[in-house]
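Peer 1: The lines below spell out each chain.
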Amino acid sequence: MKTNFAHLGPEERSVLARLKASLALRLAEEACAADAELQKRCPPNGIAMKLGIRGSDAPLRLQVPRTSSRRPSLLLFFPNTEAAVRVLSGAKGTAIPLPLGSGAFVALTFFRKALGRAAELLRSPDTSEETRAGLLLAATLYGLEAIAGESYLERRMQIIPDGVVGIRAGGIAYQVTKKGRTIHVQRDAPSAAASGSPHLDALLSFAGYRSAIDVLSGKRQAVVALGSGEVRVEGLLPLVQGLFAVLDRLSWYLGVEV
Amino acid sequence: MSEMADEKSTAAGMSGKRIDGSPSPRFAVSMAYFERAAKVIPGGIYGSKSPGFLVPGHFPYYLSRAQGSRIYDADGNEFIDYLCGYGSQIVGYGNPAVDGQALEQARRGDLLNQPHPAMVELAERLVGLVEDMDWAVFVKNGTDATTLATSIARADTGKQVIVAAEGAYHGAANWCSTNVFPVFMQAEQRDVRFFPYNDVQALEALFAANKGHVACVILTPYHHPTYRPQQLPTPEFTAAAERLCRAEGAYLIVDDIRANFRLDMRGSHRFFGIHPDMVTMGKALANGYPISVLLGTDGLRKTASSFFITGTYWMSAVPMIAALATLGEMERLGGTARLAELGRTLKEGLESLGKEAGFRARVSGPLAIPYLTFDEDSDLYLNQRFCAAMADRGVFMHPHHNWFISLAHTEEDIARTLEAAQGAFRELGSSSSLAAERP
Ligand SMILES: Cc1ncc(COP(=O)(O)O)c(C=O)c1O
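Protein chains in written order, with this note's numbering: chain C, 1 to 258; chain R, 1 to 439.
Everything hinted at is true.
Here are the simulated distance ranges between beta carbons:
#1 R:Thr312 - C:Gln221: 27 to 35 Å
#2 C:Glu11 - R:Arg301: 47 to 55 Å
#3 R:Thr312 - C:Gly180: 42 to 50 Å
#4 R:Glu356 - C:Pro161: 30 to 38 Å
#5 C:His7 - R:Lys211: 36 to 44 Å
#6 C:Pro59 - R:Phe184: 32 to 40 Å
Residues of chain C clear of chain R, computed beta-carbon distances all greater than 12 Å:
#7 Ala34
#8 Gly46
#9 Lys92
#10 Ile96
#11 Leu98
#12 Thr109
#13 Arg117
#14 Pro125
#15 Thr177
These are computed hints drawn from the structure, not numbers from a lab. Idealized CB from N, CA, C, for every residue including glycine.
Okay, chain C solo, but in the shape it has when bound (with noise of 0.2 Å):
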């Protein structure tokens, strides 16, 4: 059922702002990382920035390169969630950008730019899969980071066991916690994938990055793709479930309307 953002109530509205401004982060951040013309307009001592919402939490911040650890120069700042909710999401709406050091301007463009290039690589045919895979395991792991903490998912939160996820579709790695009701998402380096490291209760792996896409985008139900074995989930089962149900929360959020 679509919902329209005016029906939201304040903690909707506020998670929304949030799932909004963390997914324009992490998807501007995998457009760089996959993008070479993009790395070529990132200036040599890279971009640091951080996005603002009042009624939402604290900032969010992006950082290119991800190794980087320069100071942000940029807070671009939302005077309430419904402006974040919008201009995040393409439409007209508020958004005051507040320099908090030299290069705020470069960082603005620069942002734009590779949260354009992001909605580009995933609507463009001619992205590589990996790109793809990538962009949306990207959003899709955020997203649950973002949403975890809501009060509508509280009670599913305490049923699924605490513990860690490894995700991987082809050279991508990711490690999810579940620690009561937070989820806290790391990408691992590719090496990881191939290596014995740390111990994951659980382990989700797609056949491919396109069984990657065709989940994740939705084009094919997960439990169908656990079942035609395009998908494989080992270890802690009601901990990978538990999380497909917090997966469904996002949809819903992401089917809002604006």
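Place chain R with the ligand on chain C using the hints.
Peer 2: For chain R with the ligand alone, kept in the frame of chain C given last:
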């Protein structure tokens, strides 16, 4: 057992090769049906029968027939079955006495305007058999029985709160299911409170926190949570549950739907020395024919009589005839003693084979309802690999749900199972160590 896969073909055929998404030749027909199902049925196969609950690629998704202790999938593969229709088969698939009488009644008429006299006979039989119970109400699913039991407790006490153990399964209705949508939590699930099984202090604390509001405690006779080793009740725990209920004026319900008649013909409460006010039974009650029952003590008869209890199919005659026949067959085939004897051979065999192969494999729960887990792996990787390897060898053992022994299992079945287990444990041992293989 001609259709049972030999070790060579299984190793080449299935194990761990499914991640490429290619259809498994062993389950080609199952897979084709599943693909079709996904288009017209949400999730393809929903609920506890969903392929993801097993180990996809190693288990069939569709079964076509069964006989005795064997099941045959849509591709014609044969398995020795230890799930027994999730416990509903107690005297074996296609038991001639049960099916013969049931089919005869089906020919004469099943769903009639008024109940068949067999309803009275079955009620009398159960009330005479199940310890301390004075009346019986027949329903279709276990969920109908547990829902009715908690409703009667609420109506009788005028109190709302239902107390249940964490991880216990009492059915798929909103009050007890894991469909934890807030809309249900604000309504049906709001007054259901949970405590860790066997934890007397937690149960006492729950009663104290809900003083004056507890209508009932619903407990399975022993704890059989999914994904976890099974736990038998401590005498202190059951005594505390009884004491707290009596002191609070709340009712004690024993949900015997899963263990039904596998531990004691007088009810599992008798086996564990529990004294409930109501007992629910189902699953094995009629060897798979659809019927469940709520039994209660005299004190609740009046309230039960004042309930409007009905369902279109609830009084169909065939399952009642089948239930009567099942009780007879249970006795003829050796009853609970025989189940325990078979279960003991299986348990001891599996544990010792596991040990030989270097694993801490442990069979928990009552002998007739065993479940194997590995003490070194609470995440169940080894369970999944073991059960997959067993399925490759033609033995259906669920990796995440307890197993069942039936009176159709034979010593030969158990011997073949243990032979397969030896191969499976070896395969587990040789597929490098758990820690090294884990990413
Ligand atoms: C202990 C227990 N209670 C209740 C039920 C629900 O029974 P049904 O699935 O017939 O509704 C089950 C089913 O597995 C059960 O094991």
